[in-house]
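Student: Letter by letter, the chains look like this.
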Amino acid sequence: MSDTTDPTQTDRRNFLLKLGTGAGIVAITAQTGASLRSLVPNITYDAPTTVKVGLPEEFPDGLKFLPDERVFVFRTGKTFHAISAVCTHLGCTVRAEALSRPEQTTVEGQPLRVTHRFSCPCHGSRYGGDGSNISGPAPTPLAWYRLSLASDDGQLVVDLADEVDHAFRLTLA
Amino acid sequence: MKALSTRAPQQPAAPGVRPRRFWSFRPQSDRDAGDAVVSNLLLHWFPSNVYKPSLAWTYSFWLGTASAALFLLLILSGLPLMFLYIPSVERAYQSVKDIEYVVTFGWWIRAVHRIAAHLMIVTVVLHLARVFYTGAYKNGVGQGQQREWNWVIGVVMLLLTLFLSFTGYLLPWDQLAYWAVTVGTNIASSVPFIGPTIRELLIGGRAIEQATLIRFYVLHIIVLPGALGGLFAYHMWRIRKDGGLARADTAAVLAEKRPTGVTASKTYTLLGVASGTAPTVTATSVEAPDLTVNAVPDLTRRALIVILGTFALISILASAIPSPLEEPANALVTPNPAKAPWYFLWLQEIVTDTTIRIGSFTINGAFLGGVILPGALIGLLTVWPWMDRTPRSVTGFWFARSRRTQNLVFTLLLLLIIAFTIVGLFLRGPYWHFYWPWEAWPNIPGRI
Numbered sequence: 000m001s002d003t004t005d006p007t008q009t010d011r012r013n014f015l016l017k018l019g020t021g022a023g024i025v026a027i028t029a030q031t032g033a034s035l036r037s038l039v040p041n042i043t044y045d046a047p048t049t050v051k052v053g054l055p056e057e058f059p060d061g062l063k064f065l066p067d068e069r070v071f072v073f074r075t076g077k078t079f080h081a082i083s084a085v086c087t088h089l090g091c092t093v094r095a096e097a098l099s100r101p102e103q104t105t106v107e108g109q110p111l112r113v114t115h116r117f118s119c120p121c122h123g124s125r126y127g128g129d130g131s132n133i134s135g136p137a138p139t140p141l142a143w144y145r146l147s148l149a150s151d152d153g154q155l156v157v158d159l160a161d162e163v164d165h166a167f168r169l170t171l172a
Numbered sequence: 000m001k002a003l004s005t006r007a008p009q010q011p012a013a014p015g016v017r018p019r020r021f022w023s024f025r026p027q028s029d030r031d032a033g034d035a036v037v038s039n040l041l042l043h044w045f046p047s048n049v050y051k052p053s054l055a056w057t058y059s060f061w062l063g064t065a066s067a068a069l070f071l072l073l074i075l076s077g078l079p080l081m082f083l084y085i086p087s088v089e090r091a092y093q094s095v096k097d098i099e100y101v102v103t104f105g106w107w108i109r110a111v112h113r114i115a116a117h118l119m120i121v122t123v124v125l126h127l128a129r130v131f132y133t134g135a136y137k138n139g140v141g142q143g144q145q146r147e148w149n150w151v152i153g154v155v156m157l158l159l160t161l162f163l164s165f166t167g168y169l170l171p172w173d174q175l176a177y178w179a180v181t182v183g184t185n186i187a188s189s190v191p192f193i194g195p196t197i198r199e200l201l202i203g204g205r206a207i208e209q210a211t212l213i214r215f216y217v218l219h220i221i222v223l224p225g226a227l228g229g230l231f232a233y234h235m236w237r238i239r240k241d242g243g244l245a246r247a248d249t250a251a252v253l254a255e256k257r258p259t260g261v262t263a264s265k266t267y268t269l270l271g272v273a274s275g276t277a278p279t280v281t282a283t284s285v286e287a288p289d290l291t292v293n294a295v296p297d298l299t300r301r302a303l304i305v306i307l308g309t310f311a312l313i314s315i316l317a318s319a320i321p322s323p324l325e326e327p328a329n330a331l332v333t334p335n336p337a338k339a340p341w342y343f344l345w346l347q348e349i350v351t352d353t354t355i356r357i358g359s360f361t362i363n364g365a366f367l368g369g370v371i372l373p374g375a376l377i378g379l380l381t382v383w384p385w386m387d388r389t390p391r392s393v394t395g396f397w398f399a400r401s402r403r404t405q406n407l408v409f410t411l412l413l414l415l416i417i418a419f420t421i422v423g424l425f426l427r428g429p430y431w432h433f434y435w436p437w438e439a440w441p442n443i444p445g446r447i
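Going down the list, the sequences are from chains A and B. Numbering of the first sequence is given in numbering that gives the first Met the number 0, commencing with residue 0 and proceeding in unit increments. Numbering of the second sequence is given in numbering that gives the first Met the number 0, commencing with residue 0 and proceeding in unit increments.
Source of the hints: derived by calculation from the structure; they are not laboratory data. Mixed in with the good hints there might be a few duds.
[As the list claims (entries may be wrong)] Residues from chain A that face chain B, not an exhaustive set, calculated with beta carbons under 8 Å:
no. : residue
1   : V39
2   : T43
3   : D67
4   : G90
5   : C119
6   : P120
7   : D152
8   : F167
[Stated by the list, open to error] Covered stretches of chain B (chain A as the covering partner; in silico rule of three or more C-beta atoms under 8 Å from a C-beta of chain A):
no. : segment
9   : 193-203
10  : 231-242
11  : 333-341
12  : 351-358
13  : 430-437
Positions of the beta carbon are idealized from the N, C-alpha and C atoms, including for glycine.
Could you build all of it, start to finish, from the sequences and the hints given here?
Tutor: As structure tokens, then:
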């Protein structure tokens, strides 16, 4: 160790120290990064968003709640529409309350027979029969989803990935 | 232990070698008392000497020690539960039900775990309030004190305690668990832009499922207790580095009025007590012998009393208070009303009341009440020591007059949270409607 004052020796020692420290930092960063990245799911086994929910004639006039899809399907004669049961505030399932007397209104230019209103058990949000948020913390109306008929067996199909406006109706021929 | 009373302090066989296997809790000399700490791994959090009034029951109420005792009890009662609980969505509920009804003493262990968790939140909050009201986050007379950082560590430990509870009550996979996690993670999701990503990371996908349960389980049994344990050790170490409890600083203030003069032949160092050969020191403060006692046994005895008392209280309460288990988690039905556990009810109440509409522009209460307001509260708590401009001399005094305004603000915030909790606990019924306690809740069918 007599040559520690030799500048080439200190340079080399410094270089090796920096190299070692740098390699250590890179290794730890990479290992941490890899560990954390593994927690980000690359694939999720979600339920399908397009779901067959039964033949139209199986739906009663008025409302039917589909718990698995968390959707209300409304029927007035041959006209159908679907409203989400997921509260827009924090995602609890709202409950439908039947009105003592159904009302006939117009929503976005389309006639609508309002038979129910909705309330959320978690934080008390209230929605009108068309899903519009009336009171409580809910920031936006309940979503409306597209309904269609399956071409193969004629079942109603609700598309949970396709939000539609409140004028949407599925009318059967 | 009898042999100790007649025995003179032994000389070590070689420097650094300790001839005895154990240390004495009944020291016969100052040297013995110092050794009980210095040569004892378990007592390294303690100093060898303590300022006597710091030990007073009515100064600190020993709330930090009680919190630590509860944390220890939670680890001890959590161990048997880990052998019995199965973190799978199919079997979690049944395994908790087995713990409750089949396993011998399972109900009691679960009750100990649950009640200790509830009480730990109480003691940690009270500890925070005690530190605040005594101005114990302030730096007093010592050189290089950094008590404000120990306060920040404490705030983080409070958050960890709450998050431990949150991850814990998901595990039974009952209705309370499922909907609490739905609401909790949707609060995270309400953050603009990055919210949905945070939620996806928390629950390991887009739906609350097996991935969610295992994430919360690992957080609950390893990550969070590990973090809390590490911070606890650092918290204790910092107390010593900052010169003990803030009350010790009051001794220096008094000492200026009542100097104790020169005391011969003792030094008190971080490593223990050395008698006889030390140089003379002038002690006008904490180190004056008439103001301090040996940590062993004065501090250890009191700490043991607090720990044993806490354990006894929890054991008795656990025998008397059964732990509830709701229906199995059901993604299809939200209970009505769906209430969070009591310590989160104030949050549930403010997310209810904070949706703001300005014209057609709406801010979701989930974001304002669930993220911004609690975030601001935590931020305020964190920076408070730097905003406190009162003199150093009030460090360690209960309700110092110069701190009256900030004590008032702190009390108001605390009362507001308590008021929201009471409203959520007693005055909210189905659909989160307001009911007085004497009003009957309407009969609402459980299912749609």
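Student: Which numbered hints are broken by the structure, listed smallest first?
Tutor: Failing hints, ascending: 7, 8, 10.
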